[in-house]
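Protein chains in written order, with our numbering: chain B, 34 to 417; chain U, 34 to 417.
Bear in mind the hints are in silico, worked out from the structure with no lab data behind them.
Keep in mind that a hint or two might mislead.
Where chains are identical, the list cannot tell them apart; a pair therefore holds if satisfied intra-copy or between any two copies.
In the SDA-like style, the derived pairs of lysine to any residue whose C-alpha atoms are separated by at most 20 Å in a straight line are [claimed, not checked]: (1) 384 x 343; (2) 400 x 322; (3) 204 x 238; (4) 346 x 81; (5) 121 x 346; (6) 121 x 350; (7) 105 x 330; (8) 237 x 279; (9) 105 x 362; (10) 105 x 336; (11) 105 x 337; (12) 105 x 361; (13) 105 x 220; (14) 400 x 46; (15) 346 x 87; (16) 105 x 334; (17) 105 x 335; (18) 163 x 141.
Number of protein chains: 2
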Amino acid sequence: MKKEFEYVSHKVDRSARFGEVHTPHGIFHTPAFMPVGTSGAVKAMTSSDLEECGAEIILGNTYHLYLRPGEKRIRDLGGLAEFNAWHKPTLTDSGGFQVFSMQDLSKVDDDGVTFRSHHDGSEHRFNAEKVIEIERDIGADIIMSFDQCVPYPADKGLAAAGVRRTFDWAKKGQVHFRKLEADNPTGTALFGIVQGSVYPELRKISAEQIVALGFDGNAIGGLAVGESKEEMADTLAYTIRYLPEDRPRYLMGVGYPEDILMAVSNGVDMFDCVLPTRNARTGMVFTSEGPLVFRNADCADDNRPLDPNCDCKVCRRYSRAYIRHLYNQSEITALILASYHSTYFFQNLMKDIRQAIGEGRFEVFRKDFLNRYRNQTFNSTDDA
Amino acid sequence: MKKEFEYVSHKVDRSARFGEVHTPHGIFHTPAFMPVGTSGAVKAMTSSDLEECGAEIILGNTYHLYLRPGEKRIRDLGGLAEFNAWHKPTLTDSGGFQVFSMQDLSKVDDDGVTFRSHHDGSEHRFNAEKVIEIERDIGADIIMSFDQCVPYPADKGLAAAGVRRTFDWAKKGQVHFRKLEADNPTGTALFGIVQGSVYPELRKISAEQIVALGFDGNAIGGLAVGESKEEMADTLAYTIRYLPEDRPRYLMGVGYPEDILMAVSNGVDMFDCVLPTRNARTGMVFTSEGPLVFRNADCADDNRPLDPNCDCKVCRRYSRAYIRHLYNQSEITALILASYHSTYFFQNLMKDIRQAIGEGRFEVFRKDFLNRYRNQTFNSTDDA
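Let the sequences and hints guide you as you build the complete structure.
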């Protein structure tokens, strides 16, 4: 192995954890929020923007990168971190979420899934071994086992089938991964994924199965797929107790600041979500005073920054009036400025979270943050 | 007046001129290339990007800014330089070019032009005095007289009518401008525009008329509208001889690197064009070795920067393969990276031009630049 993958704990504050993860491309601090670079770029951001915002690890989507530009091309150009000109830690998902969410284009069986490309309709097949090979070629520092993510709501039979397949594929993928690593060691870490929808007994089974395999880290999948905030919190709480403390715990696809704070409080170390940049592109940013729909008319003459309490380079320079005007003229510059601010906001939130845990005052921080965040004075949104 | 508008000559090398222009928002060096921020932003660029690239003055389009967000709103938010968070010199065109190029939506008479908004079809009217008022509200450091730009080709009768109206409107606008400045001095400079299509005798008449009015600077309009490169060069050469040496000379809407070099050789000080960023958005950048169509398949595995001889932050970090991939996935990040590089390329060209003139070797620089620029080795384009 090039370098040992390692989770180092700095401080535990009740259940909240501050630590760091060592990877072949360096260290990232946890709790970490991973911006999502679907096709190799976080939308409307550059790698240097991401660095400036404080991101230490970014995510790439296996499904998208496999289709274009293709995993072999990325491998031949030096792997994902080099291809992206990012040169820091990266993680790839398993592609399962994308493939299973395109129900018209995919067909699942016990061995894997056959699907059609959303680009050209060409037929492709993913299974446990194939996904491991693709992810190794893409070359992220952390790769995810192939899993079956069931939609919400899912009846218990479907959820149980998802748990069974996820375990089966996790085992097969791990065997294949270990064989490939033995032949050609890379230092890549492989994470398992717990499924089970919102059924406590299925989550328990899945967690115990996945944890028994001894992955480098453990993820909770199948949340943030439409369930209520209460169901998410409950499911997380009764699932995470089965995940070992000596390895990173990753809550996939989450999320909103309040969800991140809830999950950190439960002991989650890693997050990813498209929310900051996706919402920016629809005219909404996250601020310390809550979500701001900057496209609205009440920003037309507002010379204040997007977030008066933010010190990012966008808030230090540009007004709501300007960004709102550009957004309404369909100017790309509006998307750049809004995406940058919201990405910075999330990274800054994680930095504050880590500091609060380090100082043993996470729950106070959480309460103070939410008090300010929920006491919106300027405008409201249905996004939050 | 807040500050005197002033052109200071540093060096004349044959006819090429190196100097600087003083404005209320500071100095810009000439020959200068002004990136075009149509609606208040250069597309896919931020104000700090423009600064980094070395731009010292940017252009705003009066037609677009008048319609949205409206000149009064910009005025109330501090004027164009402040609204854009640019804080440096700006120039607005007269709106004439836009209005006259929308022939289906506009109707010209001797007093001005009635046109419909491309947004909502609402009816508006521009004339010499109104345009001066709008431009003063927008608040650029340099504003342009309202002119009639005729299409190419134009018969001599139409071109002559354009010259007559342009002179009439220049006089009326100047009278109105002087009255407004007397009441409320701002330090704004007003430039006149020479028209006359590609007819030498009309260009002579127009130049003598406009110069006689004693504007702060003089522009050559009506070129880069479809005429051949030879016609552009000939028209420029026989027009510029009438423009006084003690004031800036501005060639509107130009252009390609080879055209800029030709025009500088004739004594032009200022340029503007959407070319660097517009072409970037269609998959082509300008490089020291000529235009590069980076969207093409021959860039798919090319780990070199867009321009191997460029030291901009994009060329120091990102590969053609990466930018090509992002472009083909319709990722905004591709447009950001390509727009940045080409903007830097043009600003760097102007810096090199100024240095060469300062050192009395402009024609040698021009020849060397074009030798390398035209000796394309990687791929070709029909854009150049």
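So, going through the hints one by one against the coordinates:
1. 384 x 343: within (13 Å within a copy, 36 Å between copies)
2. 400 x 322: Answer is within: at 13 Å inside a copy they meet the 20 Å cutoff, but 58 Å across does not.
3. 204 x 238: within (15 Å within a copy, 86 Å between copies)
4. 346 x 81: both (13 Å within a copy, 9 Å between copies)
5. 121 x 346: Only across copies: residue 121 and residue 346 sit 18 Å apart there, 22 Å inside one copy, limit 20 Å.
6. 121 x 350: between (28 Å within a copy, 13 Å between copies)
7. 105 x 330: Close across copies (16 Å), not inside one copy (48 Å); limit 20 Å.
8. 237 x 279: within (19 Å within a copy, 83 Å between copies)
9. 105 x 362: between (40 Å within a copy, 17 Å between copies)
10. 105 x 336: Between copies, since 14 Å is at most 20 Å while 49 Å is not.
11. 105 x 337: between (47 Å within a copy, 18 Å between copies)
12. 105 x 361: between (40 Å within a copy, 17 Å between copies)
13. 105 x 220: within (19 Å within a copy, 60 Å between copies)
14. 400 x 46: within (15 Å within a copy, 68 Å between copies)
15. 346 x 87: both (12 Å within a copy, 19 Å between copies)
16. 105 x 334: Classified as between: cross-chain Cα gap 11 Å, same-chain 51 Å, threshold 20 Å.
17. 105 x 335: between (49 Å within a copy, 14 Å between copies)
18. 163 x 141: The answer is within: 15 Å in one copy meets 20 Å, while 67 Å across copies does not.
Going down the numbered hints, you'll see the structure goes against none, and every one checks out.
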